[in-house]
Amino acid sequence: MMERPLYRVLLIAKDEIFGRNVKAFLSNYMRICFHVRLVGDIVPDDVDPRGYDVALLDISSLRGRALGVLKRVKEVLDEVPIIAVTSVPSSEEYIMKLIESGADDYLIKENLQLSMLIKSILLSIEKNRVRQRRIVEEKLKSILQLAGAVCHELNQPLQVVSGYLHLIFPMFERKEYDGVERVLRIISKQIECMADIVDKLSRITSYKTIRYLEGQNILDIESSTSRSEQ
Amino acid sequence: MKEKLVMVVDDEEQVREVFKTALESEGFKVVTAPTAEEALDILKTKNVNVFFLDLNLPGMNGLELCKLIRRDNPIAFIFAVTGYGSIFELVECREVGFDDYFKKPVDLRLLVEAAKESFNKLERWTGTKK
Numbered sequence: 001m002m003e004r005p006l007y008r009v010l011l012i013a014k015d016e017i018f019g020r021n022v023k024a025f026l027s028n029y030m031r032i033c034f035h036v037r038l039v040g041d042i043v044p045d046d047v048d049p050r051g052y053d054v055a056l057l058d059i060s061s062l063r064g065r066a067l068g069v070l071k072r073v074k075e076v077l078d079e080v081p082i083i084a085v086t087s088v089p090s091s092e093e094y095i096m097k098l099i100e101s102g103a104d105d106y107l108i109k110e111n112l113q114l115s116m117l118i119k120s121i122l123l124s125i126e127k128n129r130v131r132q133r134r135i136v137e138e139k140l141k142s143i144l145q146l147a148g149a150v151c152h153e154l155n156q157p158l159q160v161v162s163g164y165l166h167l168i169f170p171m172f173e174r175k176e177y178d179g180v181e182r183v184l185r186i187i188s189k190q191i192e193c194m195a196d197i198v199d200k201l202s203r204i205t206s207y208k209t210i211r212y213l214e215g216q217n218i219l220d221i222e223s224s225t226s227r228s229e230q
Numbered sequence: 001m002k003e004k005l006v007m008v009v010d011d012e013e014q015v016r017e018v019f020k021t022a023l024e025s026e027g028f029k030v031v032t033a034p035t036a037e038e039a040l041d042i043l044k045t046k047n048v049n050v051f052f053l054d055l056n057l058p059g060m061n062g063l064e065l066c067k068l069i070r071r072d073n074p075i076a077f078i079f080a081v082t083g084y085g086s087i088f089e090l091v092e093c094r095e096v097g098f099d100d101y102f103k104k105p106v107d108l109r110l111l112v113e114a115a116k117e118s119f120n121k122l123e124r125w126t127g128t129k130k
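Residue numbers (my numbering), protein chains in the order written: chain A, 1 to 230; chain B, 1 to 130.
Just so you know, the hints here were simulated from the structure itself, not pulled from any lab data. Keep in mind it's a predicted model, so treat the numbers as computed, not measured. It is possible that part of the hints are untrue.
Listed next, the in silico SDA-like pairs over lysine to any residue satisfying Cα-Cα at most 25 angstroms (straight line) [what the hints assert, rightly or not]:
| hint | chain 1 | residue 1 | chain 2 | residue 2 |
| --- | --- | --- | --- | --- |
| 1 | B | K4 | A | L167 |
| 2 | B | K29 | A | E222 |
| 3 | B | K103 | A | E222 |
| 4 | B | K20 | A | M194 |
| 5 | A | K74 | A | V130 |
| 6 | A | K139 | A | D78 |
Sequences are here, hints too, so could you generate the full structure?
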C-alpha cells in the first residue's frame, strides 16, 4: 500500500467553528495525511516554524488588525507559507497588501470547498519549496562569487610574498644585502596590498560582479565597497 | 636545445618579476608580457616552447591565448597559473590544451621543476638530447 504524503498545517483561527471544521476536514482527508494544529489568533511561543509546511490564517475576525497580525505571524513563521482566509471578499488593492505582508494565497470562506483548500495548500507548499531552493542557490552563488574575488585578489600578493621569501634565503647566503633589502621592501608593499583588500572586504555595502573567465563571475570588491568611509 | 626560453604572461608586474627571477636563477631565459595581445606580438619574433599563463588577463584571457599558442605550436608546454581555481576551470584548461595547472600562490620550485621537465622532454622529442 502506498504511503500517503504528510503535510503539517498550523491553523490560526479565532473562529472556533471554522477552525474545528477545517481541522476535521483536513484530518479526515483520505489521499493526503494532514497533521493539523489549531491555535487562536496568535502564534503561541512553543511553535517551531520548522515543524510546519504551511499555515492557514483566518483574518476574518481581525478587521483592521489583519495586516499587522499577518506581518507578525510571518516574522514568527519565517519561511512557512501562509494562506490568508477571510469571510468577505476584499478589494484587489487589499489582496495585494495581504500578499505584500507575507500571504502566499488568499481564500474566501463563503465559497470555500475542500478541494480548493487542498489545492491552495499544495500549491503554496510547492511554490515555497521552489522559492527556498532558489534562495539557497542564490546564496551559494553569492558565496562562490565572494570566495572567487577573495582568492583572486589575495592570491596575487600572496604569490609575490611567497615567491620572494623563497628567493631571499640564497641572497642571505651570498651576503647580497642590497638585494635582500629590495625584496623586503617588495614584501612589505604586498602586505600593505593584502591589508587594503581585507579592509575593502569589511566595507562591502553593495553587490556588483565582474567577469572572471568564460561563464564565471566574481564579486567586484572595488565597486561593491562603500566609498563614503574611505 | 641552445636557448631555453620561457614566457610568463601575467597582468601583475610583481608576479611576472618573481617568476622571471626564479626561472632565470635556474638558467632559463625569460620573456614576460602583461597581456595576451603583447604575448602574441612577442611570439611573432621569438620561438618560445614553455609558457606560464595567468588565466584572468585583461582583454583576451589565458584560455584563448593557450588555444592560439597550441594551434601554432602543438609541442609547446603550456601551464596555467590561476588566482582562483575550481574543478570546472581545471577541466576547461585541459580542454583548451594546457599541460598542467597551478593555483597561486604556487611554490616557485614547482614552476622551475615544470620548466626543467618540459625542456627535457622537448630535447628528447627533437633529438637534441644525447
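Here's how the hints hold up against the structure:
no.: 1; hint: B/K4 x A/L167; verdict: 21 angstroms, holds
no.: 2; hint: B/K29 x A/E222; verdict: 36 angstroms, violated
no.: 3; hint: B/K103 x A/E222; verdict: 23 angstroms, holds
no.: 4; hint: B/K20 x A/M194; verdict: 22 angstroms, holds
no.: 5; hint: A/K74 x A/V130; verdict: 18 angstroms, holds
no.: 6; hint: A/K139 x A/D78; verdict: 17 angstroms, holds
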